[in-house]
Amino acid sequence: MTDLLVPTRPLEPYAVEGAEPGRRPTRRLTVLTPLYRESAATFERSARAVAALEYPDELLQVLWLVEAGGAGDQDAARAGAAMAAYRRAGLDWRLLRLPDMSPKGAALNHAFPYAEGEVIAIIDADVVPAPGQAAEAVLALERGNALVQAEEISEPGVGLAARAKAGEDAVWHASVRGLKRLADVHVVAGSSVYAWASTWDLVRPVRSDDVEESYHWSLRLMGAGVATGFLASPSRVSATERPAAALRQRARWTRGQLRAVAVSWAGLPPRGRLLGAVTVGSLAARAALPLVCGGAVAVRALRPAALALVLADAACVLGARREAAYRRRTDAVGWALVVPWHMVGSLAVYLALYEWARGQRGWHSVRDGDDSPASANPAPGPAPGPAPAPAPEGVRRAD
Numbered sequence: 000m001t002d003l004l005v006p007t008r009p010l011e012p013y014a015v016e017g018a019e020p021g022r023r024p025t026r027r028l029t030v031l032t033p034l035y036r037e038s039a040a041t042f043e044r045s046a047r048a049v050a051a052l053e054y055p056d057e058l059l060q061v062l063w064l065v066e067a068g069g070a071g072d073q074d075a076a077r078a079g080a081a082m083a084a085y086r087r088a089g090l091d092w093r094l095l096r097l098p099d100m101s102p103k104g105a106a107l108n109h110a111f112p113y114a115e116g117e118v119i120a121i122i123d124a125d126v127v128p129a130p131g132q133a134a135e136a137v138l139a140l141e142r143g144n145a146l147v148q149a150e151e152i153s154e155p156g157v158g159l160a161a162r163a164k165a166g167e168d169a170v171w172h173a174s175v176r177g178l179k180r181l182a183d184v185h186v187v188a189g190s191s192v193y194a195w196a197s198t199w200d201l202v203r204p205v206r207s208d209d210v211e212e213s214y215h216w217s218l219r220l221m222g223a224g225v226a227t228g229f230l231a232s233p234s235r236v237s238a239t240e241r242p243a244a245a246l247r248q249r250a251r252w253t254r255g256q257l258r259a260v261a262v263s264w265a266g267l268p269p270r271g272r273l274l275g276a277v278t279v280g281s282l283a284a285r286a287a288l289p290l291v292c293g294g295a296v297a298v299r300a301l302r303p304a305a306l307a308l309v310l311a312d313a314a315c316v317l318g319a320r321r322e323a324a325y326r327r328r329t330d331a332v333g334w335a336l337v338v339p340w341h342m343v344g345s346l347a348v349y350l351a352l353y354e355w356a357r358g359q360r361g362w363h364s365v366r367d368g369d370d371s372p373a374s375a376n377p378a379p380g381p382a383p384g385p386a387p388a389p390a391p392e393g394v395r396r397a398d
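Residue numbers (numbering that gives the first Met the number 0): 0 to 398.
Hint data in this document are derived by calculation from the structure and do not stem from the laboratory. None of the values given here were measured: they were computed from a predicted structure. Where is the CB? At the ideal position from N, CA and C, for every residue including glycine. Watch out, some of these pointers could steer you wrong.
Quick list of simulated restraints, FRET-style, between CB atoms [unchecked claim]: (1) 302 - 346: 16 to 24 Å; (2) 331 - 294: 28 to 36 Å; (3) 112 - 243: 36 to 44 Å; (4) 287 - 335: 16 to 24 Å; (5) 349 - 19: 47 to 55 Å; (6) 200 - 142: 16 to 24 Å.
Construct the entire structure; sequences and hints are all you get.
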């Protein structure tokens, strides 16, 4: 995810406006959730989200992915406790212990062979989908989409950083929908995303030599011309109260997207190149924002350019705020802080370039848990290993 300096109005309509009342899903759905060095509270939060899903138990498969070996024992114990506390009778809810959990693409490559659903969803740790989101997603797919995604919105926070970040997220979501409406290209998210199993086959094996696997599959799916859409039912994520961690995460997103464009450009069809060009252009504008504005203080000739950049950013923010659902996501102070936060966030572009030049491909967590950067340097697309033997107590191992 990065800011896209594109119009936030008009917006691409939602694929469906919620699931039809009384309509019972008939499709088998698999939910994949990677849980890598998360806190006990995050495991419990994810388990509560599973328990709240309004989807028939006999049609729902939930696969929790944790690391194999001693390094993953604590995660496995936390997962087992959370699953036991919130288990639904009749639900196929399993724990898979995988040999590779970082980056996420490696975990997904190992997990996809265990997914039995016609529809496969990827929902990250800490993400709480709306209870009816899964049924809405399946309905949207049945109406002609190959892939749909829900917006992930920050829960209310008390600090200025959390309030500004909530506004920034709203602007991001509006810009993605605006870009889809304007140019028919879609920055596909890496979480709260649902697709037919056959759609996921188009991007398998998932790139596992980079941290921004979702942008790689965005480029590939746009190149393939698949139909994508947006869900009205959002997911919730914890508020971000740590500005430095949020900046590092932003740098990871930026680094991954720039690298994805660089390594994929030669083989991209026109729609993929359009998405890549918009992203690079947007990031260039973001990088220029603090330099031009800072230089305008001393150099009068830069003032028109600085004013144009600030006004363009403000127009994006105001365009998103005009939408009632987005306006409610933060307060007036949060909205007022979005443009200044964008100015600070522009530094992430330079941090991303620095990390890329040093060969870094790790990620940084913005949640409590193991905050050490994780490496992401394995070879791309490892083939899934042989089918594992079932472990006791319904736990299946994949190591």
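Has the hinted range 16 to 24 Å been met by the Cβ atoms of residue 200 and residue 142? Holds: the Cβ-Cβ distance is about 21 Å, inside 16 to 24 Å.
Could you see if the CB distance from residue 302 to residue 346 stays within 16 to 24 Å? 22 Å, holds
Using the Cβ atoms, figure out if residue 287 sits within 16 to 24 Å of residue 335. 23 Å, holds
Could one say that the CB atoms of residue 349 and residue 19 fall in the range 47 to 55 Å? 48 Å, holds
Indicate whether the distance between the beta carbons of residue 112 and residue 243 respects the range 36 to 44 Å. At roughly 39 Å between Cβ atoms, residue 243 and residue 112 fall inside 36 to 44 Å, so the hint holds.
Are residue 331 and residue 294 spaced within 28 to 36 Å by their CB atoms? Cβ of residue 331 to Cβ of residue 294: about 30 Å, so the range 28 to 36 Å holds.
Going down the numbered hints, you'll see the structure goes against none, and every one checks out.
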